[in-house]
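Between the sequences and the hints, there should be enough to build the whole structure, so can you do that?
Chains A and B are the protein sequences, given in the same order. Residue numbers for the first sequence, in my numbering: 3 to 118. Residue numbers for the second sequence, in my numbering: 52 to 482.
I should point out that these hints are in silico values taken from the structure, not numbers from a laboratory. Just to be clear, a hint being listed does not mean it is correct.
[Claimed, not checked] If the Cβ cut is set under 8 Å, some of the chain A residues that face chain B in the computed set are: (1) Met3; (2) Asp88; (3) Leu89.
[As the list claims (entries may be wrong)] Chain A is faced by these chain B residues, among others (derived, beta-carbon under 7 Å): (4) Gly229; (5) Ala230; (6) Arg231; (7) Ile232; (8) Pro233.
Yeah, the Cβ is synthetic: ideal placement off N, Cα and C, and Gly gets one too.
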Amino acid sequence: MKYMLLINAGAVGEEGGAAGCDVGDWMAYDKQVREAGILVSGESLADLVTATTVRVGEDGRRTVTDGPFAETREILGGFYVIDVPDLDVALDWAARCPGARGGGSVVVRPVADFEG
Amino acid sequence: MDERPAGTAGTDEASASVVEAVFREERGRLLAALVRRFGDLDLAEEVTSEAVEAALARWPVDGVPSRPGAWLMTTARRRAVDRLRRDQAYAARLAVLQAEADRPDLAPVPAVEAGELPDERLQLFFTCAHPALAAEDRGALTLRYLAGLSTPEVARAFLVPTATMAKRITRAKQKIHGARIPFRVPGTAELPERLPGVLQAVYSIFTEGYAASGGPRLQRLDLAEEAIRLARILRRLLPAEREVAGLLALMLLVHARRDARTGPDGGPVLLDEQDRGRWDRPMIAEGLGLVPVALTGGPPGPYGVQAAVAALHVEATDVTGTDWPQIVALYDVLLALAPSPVVALNRAAAVAMRDGPEAGLALLDELADEPLLRGHHPYPAARADLLHRLGRHAEAAEAYREALALAGTEADRVLLRRRLDAIERPGAAGT
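In structure tokens, the structure reads:
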């Protein structure tokens, strides 16, 4: 079963990047996920200052705005999609993720399966 | 272990009660074994109900079979196979689930033909109390699936409308299914993290029964007994876990006082006024026997410590003869293990018994700003009692009125009104 781990940074630096995280920890975690053979996909997102939001109104007109910028809410810094047998295994991987520490959080969402 | 005498077709009433007794015990067991077998709670529930219906129709006529559990299991499995034949797509999906459920870290599929049904309820306990489910739903699921209560009965237990409870159970089931919360017992490394959730779910059923949060009655004994029954099952399944022994001991020692807790007016009778002759001595003996089990062989857990406090209460001949210094010491241990303002409140009351009302009141005043005690009627009630003992009647009356406004049950209000009357009309009610 596929689960998406949405990694929210707890503290955000000046440029909208996750603050206070150790690159070494992330590399070690990424290696573990790959070597466990459970990785479907995963990306780390560029700093929030580079984000752009698009909305399309009822009249079909598009509105493009700079941002969003980090306010008080946690912001998505990256994700993994992993394929594991059940929620307990997915929660274990989420708990091992460096993004779950230091005030950050990892939201675990099952990927919808439309074939079942 | 649970071998029951085989009944024969006697009077309708007698066989109906035998049938009912069998179901109380077997329903949860059957459901757990079927969930384990098919990996699907919905299917297991459906065929469990069908097997029970078949038994209701057949047993009063044919007599209760010698192995009722095995009879129910065989019937339920046949129904499941029929259902899967009718619905091939569903069967294909379950086959995938089943393949994954047969991972080597899980116990092998039970062989029913061997006779006694293997007990797989432990898996179901851990699923129902899974941390990924809402805390308020865990006790409800445990009552529904392990105690075998119907949804309307569970709704009554938690004092919510049936439709609300049905929605909550459906939502929780969707999460179990959709997020694939597994039916498994956590490994040794995980157990210390997961067991408290299971114990909390059972204890929440007990506390709902012991001090109903609303409604006319003070105690709902059926719920307390259901919780004790569940804890006995857990104790059999996890004999080495000291906190399971602690929880069972605590509930037995508290429940043993049930008959003495309610006065003729329906109001609660507090410990100092209880007729100790009405305590259930065999139940106390059973509870006291478990306390050493809970407290030896490692550091104590919160249920073991609370059981020790309850043991000191039942071992005393009266309130003044109670070992209050020891109770205060146990509350200190409990506060270190599981800090909570409610425990601090109980400790303050014990300190008042040990060192006098002034000392207790000083501790209570330190808790005045605790958000968790705001709206909690025992807090102003405890203050009122101590103020009363200090002769500060106007303040005591004020605190009783505050507690009255917060109390959830009529029974609690009866007691508080009685105490308030005693202050406002001294002489009329003694004191």
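Verification of the hints:
| no. | hint | in the structure |
| --- | --- | --- |
| 1 | Met3 | holds, 5 Å |
| 2 | Asp88 | holds, 4 Å |
| 3 | Leu89 | holds, 5 Å |
| 4 | Gly229 | holds, 6 Å |
| 5 | Ala230 | holds, 5 Å |
| 6 | Arg231 | holds, 5 Å |
| 7 | Ile232 | holds, 5 Å |
| 8 | Pro233 | holds, 4 Å |
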